[in-house]
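A.B. asks: Each protein sequence line maps, in turn, to chains A and B. So for the first sequence, UniProt numbering puts the first residue at 1; every next one is plus one. So for the second sequence, UniProt numbering puts the first residue at 1; every next one is plus one.
No lab work stands behind these hints, which were simulated from the structure alone. Heads up, a few of these hints could be off.
Taking lysine to any residue and the SDA-like style, the derived pairs with C-alpha atoms no more than 20 Å apart in a straight line are [unchecked claim]:
| # | chain 1 | residue 1 | chain 2 | residue 2 |
| --- | --- | --- | --- | --- |
| 1 | B | K141 | A | A222 |
| 2 | B | K114 | A | E235 |
| 3 | B | K114 | B | G50 |
Reference excerpt, derived from the structure (chain A facing chain B, CB under 7 Å, subset only) [what the hints assert, rightly or not]:
| # | residue |
| --- | --- |
| 4 | V61 |
| 5 | L226 |
| 6 | K229 |
| 7 | R231 |
| 8 | T232 |
From the derived model, a few chain B residues whose C-beta atoms are all more than 10 Å from chain A [unchecked claim]:
| # | residue |
| --- | --- |
| 9 | A30 |
| 10 | A34 |
| 11 | V49 |
| 12 | E53 |
| 13 | E59 |
| 14 | T60 |
| 15 | G80 |
| 16 | T85 |
| 17 | P101 |
| 18 | P103 |
| 19 | P111 |
| 20 | I117 |
| 21 | D126 |
| 22 | K136 |
| 23 | G158 |
Please read these numbers as outputs of a predicted model, since none were measured by experiment. Backbone N, C-alpha and C fix where the C-beta goes; we use that ideal spot for every residue, glycine too.
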Amino acid sequence: MLLPWEYGVRNLARRPVRTGLTLLALATVVMLVFVVVGFIRGLEQSLSVSGDDDVVLVYSVNSEENIENSSIAARSPALLSASLGGTWKRFGVDHVSPELYLGTRVSTSDQENGLGLVRGVTYRAPLVRRNVKIIDGAWPEQNEVIVGRLASAKLGSHSDALAIGQTIQFEGETWTVSGHFAADGAAYESEIWCDLSAFQTVTKRQDLSLVAMLLAPGASAAEIELFCKERTDLELRALRESDYYASLQQHYRPVRLLAWFVVALVSGAGVFAGLNMMYGAVAGRIRELATLQALGFRRRAILLSLVQEGVLLAAAASLLSGVIALTMLNGLAVRFTMGAFTLRIDSVAILVGCGVGLLLGVLGALPPALKALRESVAISLKAV
Amino acid sequence: MRMMNWICVAVLAVVVGCGEKPTAEGPDAAEVAAASALYVAEAEPEGAVGVGEARESVETDQAVTLVGRIGGSSKPFVEGLAAFTIVDPKVPYCADDEGCPTPWDYCCTQPQVKENIATVKVVDADGGPVAFDARKLLNVKELSTVVVQGTANRDDQGNLTVAANKVFVRAE
Numbered sequence: 001m002l003l004p005w006e007y008g009v010r011n012l013a014r015r016p017v018r019t020g021l022t023l024l025a026l027a028t029v030v031m032l033v034f035v036v037v038g039f040i041r042g043l044e045q046s047l048s049v050s051g052d053d054d055v056v057l058v059y060s061v062n063s064e065e066n067i068e069n070s071s072i073a074a075r076s077p078a079l080l081s082a083s084l085g086g087t088w089k090r091f092g093v094d095h096v097s098p099e100l101y102l103g104t105r106v107s108t109s110d111q112e113n114g115l116g117l118v119r120g121v122t123y124r125a126p127l128v129r130r131n132v133k134i135i136d137g138a139w140p141e142q143n144e145v146i147v148g149r150l151a152s153a154k155l156g157s158h159s160d161a162l163a164i165g166q167t168i169q170f171e172g173e174t175w176t177v178s179g180h181f182a183a184d185g186a187a188y189e190s191e192i193w194c195d196l197s198a199f200q201t202v203t204k205r206q207d208l209s210l211v212a213m214l215l216a217p218g219a220s221a222a223e224i225e226l227f228c229k230e231r232t233d234l235e236l237r238a239l240r241e242s243d244y245y246a247s248l249q250q251h252y253r254p255v256r257l258l259a260w261f262v263v264a265l266v267s268g269a270g271v272f273a274g275l276n277m278m279y280g281a282v283a284g285r286i287r288e289l290a291t292l293q294a295l296g297f298r299r300r301a302i303l304l305s306l307v308q309e310g311v312l313l314a315a316a317a318s319l320l321s322g323v324i325a326l327t328m329l330n331g332l333a334v335r336f337t338m339g340a341f342t343l344r345i346d347s348v349a350i351l352v353g354c355g356v357g358l359l360l361g362v363l364g365a366l367p368p369a370l371k372a373l374r375e376s377v378a379i380s381l382k383a384v
Numbered sequence: 001m002r003m004m005n006w007i008c009v010a011v012l013a014v015v016v017g018c019g020e021k022p023t024a025e026g027p028d029a030a031e032v033a034a035a036s037a038l039y040v041a042e043a044e045p046e047g048a049v050g051v052g053e054a055r056e057s058v059e060t061d062q063a064v065t066l067v068g069r070i071g072g073s074s075k076p077f078v079e080g081l082a083a084f085t086i087v088d089p090k091v092p093y094c095a096d097d098e099g100c101p102t103p104w105d106y107c108c109t110q111p112q113v114k115e116n117i118a119t120v121k122v123v124d125a126d127g128g129p130v131a132f133d134a135r136k137l138l139n140v141k142e143l144s145t146v147v148v149q150g151t152a153n154r155d156d157q158g159n160l161t162v163a164a165n166k167v168f169v170r171a172e
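Here chain A stands alone, though its shape is the one from the complex:
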């Protein structure tokens, strides 16, 4: 015969302070799990949505995997357009975007010399980067910039410092913010975009970092790659944008593994915290448990009731943390080397967080309950 469900529920209410503290400890552990898993999912999401299968990046073969180190001739876009027929063309405009990409010190009204990512672009950039949307303001003119949704997070600055009409300084020049853009969470959201020729002038550079090309339907990236192999004098390489960001995923693999290791460590610490709490809770109830046995309840039934208490508490803690994570953590901007991204409390994060929470309830309750029930009824009834 099992103990009534209400018995376990009422037991939780009998010691409100202890129950409250246990709830708080469990909720803290689950919250930490949500933060770390949200970080991993946000990083993965940012890199996975950044790459477009139909966009090919052409950059210097000597820059390895880092576009910031790339330097290619300014004539490359014209040469590529003239030599290859596989790029998208509408209304006489080739969807080929020449870009100069640089990590540089950026000063805003509230932050001196923050490390920002600046991309010099032409009006063709949004034709190629199809997920870029201007959410307010206008496309930048000379000495103006349009900033990504997460640029302020990357700079460590307040979003008001990048409001339309505000000025920022980089490369010895003052630039006025003309608008803001979003890109479905892609990496460019942490960038500052300005006019390519103006950016080349202030940086005293005539070269480009890369050329982004949008493939026409049915065209293959291999044609561009073959062109780059044939023109060995240009020292170019071509890579699908999705493959570029997939390689970054590989680059950040140790970070992600470390984060999962942190999840395991936090969960382990949580189990010990739960064990400590439950040992304390059960130690004071040895006579009560023995009485239940004397009344005829089997050990298995009492064990189940104790696990039920632990799981109920852990479930409540998971729910509490889940609500806080969804309302306060989800979408929170995080600064990172490659730019910035948002914490993402998605289905996987919820599953892992709540799973860890429930596991804490079961694993935390089992050992103390087994220990308490191991003693004979006669000895337990005399326990102090």
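Dock chain B against chain A, hints included.
C.D. replies: Same frame as chain A, but now just chain B:
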């Protein structure tokens, strides 16, 4: 029992939901083998010259037989096409004991590579590049030594491309 059913449904939903997207299927082994028979030479062609020598003497549309090692960059193969770069065998690459993870990029001898590199594209009867990955089509890998027969194409910058119709792979 009903609870067990629900648990099974939930587990199935998670497994199906978390499954990887099906990937686009590549050419099957039979297709590759059939194409391979067309382009792989059984015997080594005679009179092969090194890439460096060919770059000095060969003109556009001239029939050539070149010998070279696959390499010249960290990724010498073109994904999805039977095309790759070769480097003259006289150019040394990093020895095994140097511990270089990509010796085929000739990182220690790049200045020599510039004058000793050619692009090979295996072409079909219409002159278009064959749409199979060279690694599968020719059963080659980085630093494999190949002898290619085909037609040369030179441009004003001195780049050499060979539209190959036969490739012989030397045993290592």
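A.B. asks: Each hint should be assessed against the structure and marked as holding or not.
C.D. replies: Right, here's what the structure says about each hint:
| no. | hint | verdict |
| --- | --- | --- |
| 1 | K141/B <-> A222/A | 18 Å, holds |
| 2 | K114/B <-> E235/A | 10 Å, holds |
| 3 | K114/B <-> G50/B | 14 Å, holds |
| 4 | V61 | 6 Å, holds |
| 5 | L226 | 5 Å, holds |
| 6 | K229 | 5 Å, holds |
| 7 | R231 | 6 Å, holds |
| 8 | T232 | 5 Å, holds |
| 9 | A30 | 22 Å, holds |
| 10 | A34 | 21 Å, holds |
| 11 | V49 | 18 Å, holds |
| 12 | E53 | 17 Å, holds |
| 13 | E59 | 17 Å, holds |
| 14 | T60 | 13 Å, holds |
| 15 | G80 | 4 Å, violated |
| 16 | T85 | 6 Å, violated |
| 17 | P101 | 12 Å, holds |
| 18 | P103 | 16 Å, holds |
| 19 | P111 | 13 Å, holds |
| 20 | I117 | 6 Å, violated |
| 21 | D126 | 15 Å, holds |
| 22 | K136 | 14 Å, holds |
| 23 | G158 | 7 Å, violated |
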